[in-house]
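Visitor: Here is what each chain is made of, one letter per residue.
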Amino acid sequence: SQTIHQWPATLVQPVGSPLSLECTVEGTSNPNLYWYRQAAGRGLQLLFYSVGIGQISSEVPQNLSASRPQDRQFILSSKKLLLSDSGFYLCAWARGSGNTIYFGEGSWLTVV
Amino acid sequence: SQQGEEDPQALSIQEGENATMNCSYKTSINNLQWYRQNSGRGLVHLILIRSNEREKHSGRLRVTLDTSKKSSSLLITASRAADTASYFCQGDMRFGAGTRLTVKP
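Chains as they are written, first to last, in my numbering: chain C, 1 to 112; chain L, 1 to 105.
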């Protein structure tokens with residue numbers, strides 16, 4: 001069966017510090033991978049998606065970036081965090097576009 | 001842009017009542033799916049309805065799809081306190097703001 005792991009689960013970072021959130025998927029190959037952000041009590045905002053290694057599409061211009069160094073690894077990064085980067089970050093995967101999206105448990109980021 | 005827009009934003013009902021949530025989407029879809037999110041957790045897939053289907057049932061869930069109106073509805077019958085969560089629809093890879101359902105015991 002397929003599983004998705006993301007870490008860390010919670011993170012408190014000062015403004016201006018770097019960020020690295022990691023996500024790995026097991027039990028499948030060549031998945032579509034996604035990063036979403038959710039502000040408290042709000043909907044999901046698609047940040048990045050990837051249909052293959054090294055292929056990253058950005059939905060919203062901001063100080064975040066994503067990379068896919070391996071087929072089942074997706075990394076969300078920032079060189080300098082802003083207060084507005086605080087939120088709940090969710091990694092997800094799917095077997096191609098339009099299919100069911102499976103989510104990780106999320107990472108809570110608080111920028112102070 | 002958001003693909004799914006759920007309505008209402010919040011819904012509060014008593015246990016045993018039915019809950020209906022609506023979703024509108026903008027572009028053509030092959031499938032439309034509904035998800036549930038408990039507070040502070042990832043989303044969990046509930047049900048998928050294909051573009052050539054009009055209605056689908058799964059346990060206490062009933063989903064309808066009207067592709068001419070680009071809309072869908074999710075009905076939860078005989079609601080329980082454990083159904084308290086946020087519910088989202090998804091057409092492609094984008095989600096709306098969701099409907100926050102509160103079921104009071």
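Worth flagging that the hints you see were computed from the coordinates, not collected in a lab.
Since the structure is predicted, the reported quantities are computational estimates derived from the model, not experimental observations.
Heads up, a few of these hints could be off.
[To be verified] Computed footprint of chain L on chain C, listed as stretches where at least three residues anywhere in the stretch have a Cβ under 8 Å from a Cβ of chain L: (1) 17-29; (2) 75-84; (3) 103-110.
[Unchecked claim] Counterexamples of contact, computed for chain L against chain C with all Cβ distances above 12 Å: (4) T67; (5) T77; (6) G91.
By construction, the Cβ of each residue, glycine as well, lies at the ideal position given by its N, Cα and C atoms.
Visitor: Broken hints, numbered, in rising order?
Guide: 1, 2 and 6
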